[in-house]
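**Q** Required output: the full structure, derived from the provided sequences and hints.
Protein chains: 2
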Amino acid sequence: MSEFSNITIIGLGLIGSSIARAVREYLPDVNVVGFDADEDIRTRAGSLGFCHQIAETAGASVAAADLIILCVPVGKMGVVAADIAADLPETAIISDVGSSKASVAKAILKAIPSANLVPAHPVSGTEKSGPEAGFATLFKDRWCIITPLADTDETAVKKVSAFWEALGSNIEIMEIEHHDMVLAITSHLPHLIAYSIVGTASDLEDVTRSEVIKYSAGGFRDFTRIAASDPTMWRDVFLANKDAVLEMLQRFSEDLSALQRAIRWDKGDDLHELFTKTRAVRRRIIEEGQDDAAPDFGRSHD
Amino acid sequence: MSEFSNITIIGLGLIGSSIARAVREYLPDVNVVGFDADEDIRTRAGSLGFCHQIAETAGASVAAADLIILCVPVGKMGVVAADIAADLPETAIISDVGSSKASVAKAILKAIPSANLVPAHPVSGTEKSGPEAGFATLFKDRWCIITPLADTDETAVKKVSAFWEALGSNIEIMEIEHHDMVLAITSHLPHLIAYSIVGTASDLEDVTRSEVIKYSAGGFRDFTRIAASDPTMWRDVFLANKDAVLEMLQRFSEDLSALQRAIRWDKGDDLHELFTKTRAVRRRIIEEGQDDAAPDFGRSHD
Numbered sequence: 001m002s003e004f005s006n007i008t009i010i011g012l013g014l015i016g017s018s019i020a021r022a023v024r025e026y027l028p029d030v031n032v033v034g035f036d037a038d039e040d041i042r043t044r045a046g047s048l049g050f051c052h053q054i055a056e057t058a059g060a061s062v063a064a065a066d067l068i069i070l071c072v073p074v075g076k077m078g079v080v081a082a083d084i085a086a087d088l089p090e091t092a093i094i095s096d097v098g099s100s101k102a103s104v105a106k107a108i109l110k111a112i113p114s115a116n117l118v119p120a121h122p123v124s125g126t127e128k129s130g131p132e133a134g135f136a137t138l139f140k141d142r143w144c145i146i147t148p149l150a151d152t153d154e155t156a157v158k159k160v161s162a163f164w165e166a167l168g169s170n171i172e173i174m175e176i177e178h179h180d181m182v183l184a185i186t187s188h189l190p191h192l193i194a195y196s197i198v199g200t201a202s203d204l205e206d207v208t209r210s211e212v213i214k215y216s217a218g219g220f221r222d223f224t225r226i227a228a229s230d231p232t233m234w235r236d237v238f239l240a241n242k243d244a245v246l247e248m249l250q251r252f253s254e255d256l257s258a259l260q261r262a263i264r265w266d267k268g269d270d271l272h273e274l275f276t277k278t279r280a281v282r283r284r285i286i287e288e289g290q291d292d293a294a295p296d297f298g299r300s301h302d
Numbered sequence: 001m002s003e004f005s006n007i008t009i010i011g012l013g014l015i016g017s018s019i020a021r022a023v024r025e026y027l028p029d030v031n032v033v034g035f036d037a038d039e040d041i042r043t044r045a046g047s048l049g050f051c052h053q054i055a056e057t058a059g060a061s062v063a064a065a066d067l068i069i070l071c072v073p074v075g076k077m078g079v080v081a082a083d084i085a086a087d088l089p090e091t092a093i094i095s096d097v098g099s100s101k102a103s104v105a106k107a108i109l110k111a112i113p114s115a116n117l118v119p120a121h122p123v124s125g126t127e128k129s130g131p132e133a134g135f136a137t138l139f140k141d142r143w144c145i146i147t148p149l150a151d152t153d154e155t156a157v158k159k160v161s162a163f164w165e166a167l168g169s170n171i172e173i174m175e176i177e178h179h180d181m182v183l184a185i186t187s188h189l190p191h192l193i194a195y196s197i198v199g200t201a202s203d204l205e206d207v208t209r210s211e212v213i214k215y216s217a218g219g220f221r222d223f224t225r226i227a228a229s230d231p232t233m234w235r236d237v238f239l240a241n242k243d244a245v246l247e248m249l250q251r252f253s254e255d256l257s258a259l260q261r262a263i264r265w266d267k268g269d270d271l272h273e274l275f276t277k278t279r280a281v282r283r284r285i286i287e288e289g290q291d292d293a294a295p296d297f298g299r300s301h302d
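Chains as they are written, first to last, in the working numbering: chain A, 1 to 302; chain W, 1 to 302.
Any given hint might turn out to be false.
[Said to hold, decoys possible] Listed next, the in silico BS3-like pairs over lysine-lysine satisfying Cα-Cα at most 25 Å (straight line):
{"id": "1", "chain 1": "A", "residue 1": "K76", "chain 2": "W", "residue 2": "K267"}
{"id": "2", "chain 1": "A", "residue 1": "K242", "chain 2": "W", "residue 2": "K267"}
{"id": "3", "chain 1": "A", "residue 1": "K110", "chain 2": "W", "residue 2": "K267"}
{"id": "4", "chain 1": "A", "residue 1": "K140", "chain 2": "W", "residue 2": "K277"}
{"id": "5", "chain 1": "W", "residue 1": "K140", "chain 2": "A", "residue 2": "K106"}
{"id": "6", "chain 1": "A", "residue 1": "K158", "chain 2": "A", "residue 2": "K110"}
{"id": "7", "chain 1": "W", "residue 1": "K277", "chain 2": "A", "residue 2": "K76"}
{"id": "8", "chain 1": "W", "residue 1": "K106", "chain 2": "W", "residue 2": "K159"}
{"id": "9", "chain 1": "W", "residue 1": "K106", "chain 2": "W", "residue 2": "K242"}
{"id": "10", "chain 1": "W", "residue 1": "K214", "chain 2": "A", "residue 2": "K128"}
{"id": "11", "chain 1": "A", "residue 1": "K106", "chain 2": "A", "residue 2": "K158"}
{"id": "12", "chain 1": "A", "residue 1": "K242", "chain 2": "A", "residue 2": "K76"}
{"id": "13", "chain 1": "W", "residue 1": "K128", "chain 2": "W", "residue 2": "K140"}
{"id": "14", "chain 1": "W", "residue 1": "K158", "chain 2": "A", "residue 2": "K214"}
{"id": "15", "chain 1": "W", "residue 1": "K242", "chain 2": "A", "residue 2": "K277"}
{"id": "16", "chain 1": "A", "residue 1": "K267", "chain 2": "W", "residue 2": "K110"}
{"id": "17", "chain 1": "W", "residue 1": "K106", "chain 2": "A", "residue 2": "K128"}
{"id": "18", "chain 1": "W", "residue 1": "K159", "chain 2": "A", "residue 2": "K214"}
{"id": "19", "chain 1": "A", "residue 1": "K277", "chain 2": "W", "residue 2": "K277"}
{"id": "20", "chain 1": "A", "residue 1": "K214", "chain 2": "W", "residue 2": "K267"}
{"id": "21", "chain 1": "A", "residue 1": "K214", "chain 2": "W", "residue 2": "K242"}
{"id": "22", "chain 1": "A", "residue 1": "K242", "chain 2": "W", "residue 2": "K277"}
{"id": "23", "chain 1": "A", "residue 1": "K106", "chain 2": "A", "residue 2": "K242"}
{"id": "24", "chain 1": "A", "residue 1": "K277", "chain 2": "W", "residue 2": "K76"}
{"id": "25", "chain 1": "W", "residue 1": "K242", "chain 2": "A", "residue 2": "K267"}
{"id": "26", "chain 1": "W", "residue 1": "K110", "chain 2": "W", "residue 2": "K242"}
{"id": "27", "chain 1": "A", "residue 1": "K214", "chain 2": "A", "residue 2": "K128"}
{"id": "28", "chain 1": "W", "residue 1": "K140", "chain 2": "A", "residue 2": "K214"}
{"id": "29", "chain 1": "W", "residue 1": "K110", "chain 2": "W", "residue 2": "K76"}
{"id": "30", "chain 1": "W", "residue 1": "K128", "chain 2": "A", "residue 2": "K214"}
{"id": "31", "chain 1": "A", "residue 1": "K267", "chain 2": "W", "residue 2": "K76"}
{"id": "32", "chain 1": "A", "residue 1": "K267", "chain 2": "A", "residue 2": "K277"}
{"id": "33", "chain 1": "W", "residue 1": "K140", "chain 2": "A", "residue 2": "K158"}
{"id": "34", "chain 1": "W", "residue 1": "K214", "chain 2": "A", "residue 2": "K267"}
{"id": "35", "chain 1": "W", "residue 1": "K214", "chain 2": "A", "residue 2": "K277"}
{"id": "36", "chain 1": "W", "residue 1": "K214", "chain 2": "A", "residue 2": "K242"}
{"id": "37", "chain 1": "W", "residue 1": "K128", "chain 2": "W", "residue 2": "K76"}
{"id": "38", "chain 1": "A", "residue 1": "K159", "chain 2": "W", "residue 2": "K214"}
If you are wondering where the hints come from, they were derived from the structure by calculation, not from laboratory data.
Quick caveat, the model's predicted, so the values are computed rather than measured.
**A** Structure, rendered in structure tokens:
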């Protein structure tokens, strides 16, 4: 049983198409309408068949909806909200899946001041993009963080929570500014660093790119997975969560400088102490079921 | 058919115990003697049974060997070489598996000036440590880099190459200083950055460690794998390959500062351009069989 009868998903990439597939799988009575501003993606989504209907305009897609989920890059949320404003049913709840919440909520409310908005963030994904990359179990056993604003309707929060629980997620309610700080360290900074080191490795004069690729099993390849994530999505995230990202980046740079100094001055004990501490963090992530324990991420050695 | 009849492995952790297991599997006629300075590890290795004999002293372990492979942390290579110097058969070949080659070769040759040394580096491993963590296929389809010195015996290089090929590795012969530069970027810098960001995330005041662990699926957990690697091994690697590591770290810091500036000044196009380039690097790593194509490292979503 769902709290909603007609769900509209705008933006049919990895996340949007996974939500559609999950609704079809876990909430089979719900009607799913999809829309994407890109005509090619609309066509591909139509062939893949994970929505009951693909609408031809943003406005048409929301006309009968009781829940609309915006799954576009965070820099586009305001634009899409403006596109649907005129056709939005008065009682419909709007939600989104942006990885940065405060600036997105602001942009949506600027376009639709009366919006019944419940900002949400499913903390899951893969490095793949596009409607072909989605799958119904993407959100299973992962956290979905809901970040109500001071005046957000509590009933709407409950309904959106129940929706994500039906898709297999665990719910956490979090203050919106705190969310942006937590994600800056757990997600945005790791992506930024991964993009950066892969860039550094590509630009060397003394070591060829072929060598970097050939010997990447020494550690480098672990960074390339998240550095293969969607460029538009991530450009928008860094700009939308600028303050928290720059703050975390500053702290990281200071810590890295301290490590650099420890190496330069042969402070082996300082290095050993840090490396022992980080090992314990990995252990807890595995204990709490947030990663697999298989060595080497379970890569095949056969 | 092996080029060697009696192989001694000193240091019975992940790599040493994997070599022993691989020899038993792929070169069943070869006798394998093992030694570890740690009595507890000798006992555990004895129970695991991957060597024909476990010797009680370093000297006794090499007395009948025609190939000795040193698998200890790079900071210990010189000490171990000194320990075996008196008992070393004159015709025996010494090799090692250190991740940093120039300083290791220097340390071994200082202890045994007449050593018939063939420095080698199998580019493979997991984040696990100890004799229990090893397995016979660890080196399969991975590169083994051999870094001869100017006066290294060519026949010995051929024999050591054939040995690693028998274990399933592909061989690359590389100039020793160049090796240390290539590994600084493909392996040492990634480990240093992973240790550093996991440290930064552990030390925040506004975001708790529990939150970091809970939401690590957003990207952070990818870094924690290599930040769980053996602390002693990695402390030694950074100190042993100090110059190349500091050089790569300097380049990385400059590139990261440029990204920081692009975010601060809303240079979205610059970000997008870099993020598109890094995606292509991932594609090549997968095409060349250095990583699996499965999204999310093949982690289970069911």
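**Q** Output the indices of the hints that this structure fails to meet, ascending.
**A** Hint check: 4, 5, 17, 19, 20, 33 and 34 fail, others pass.
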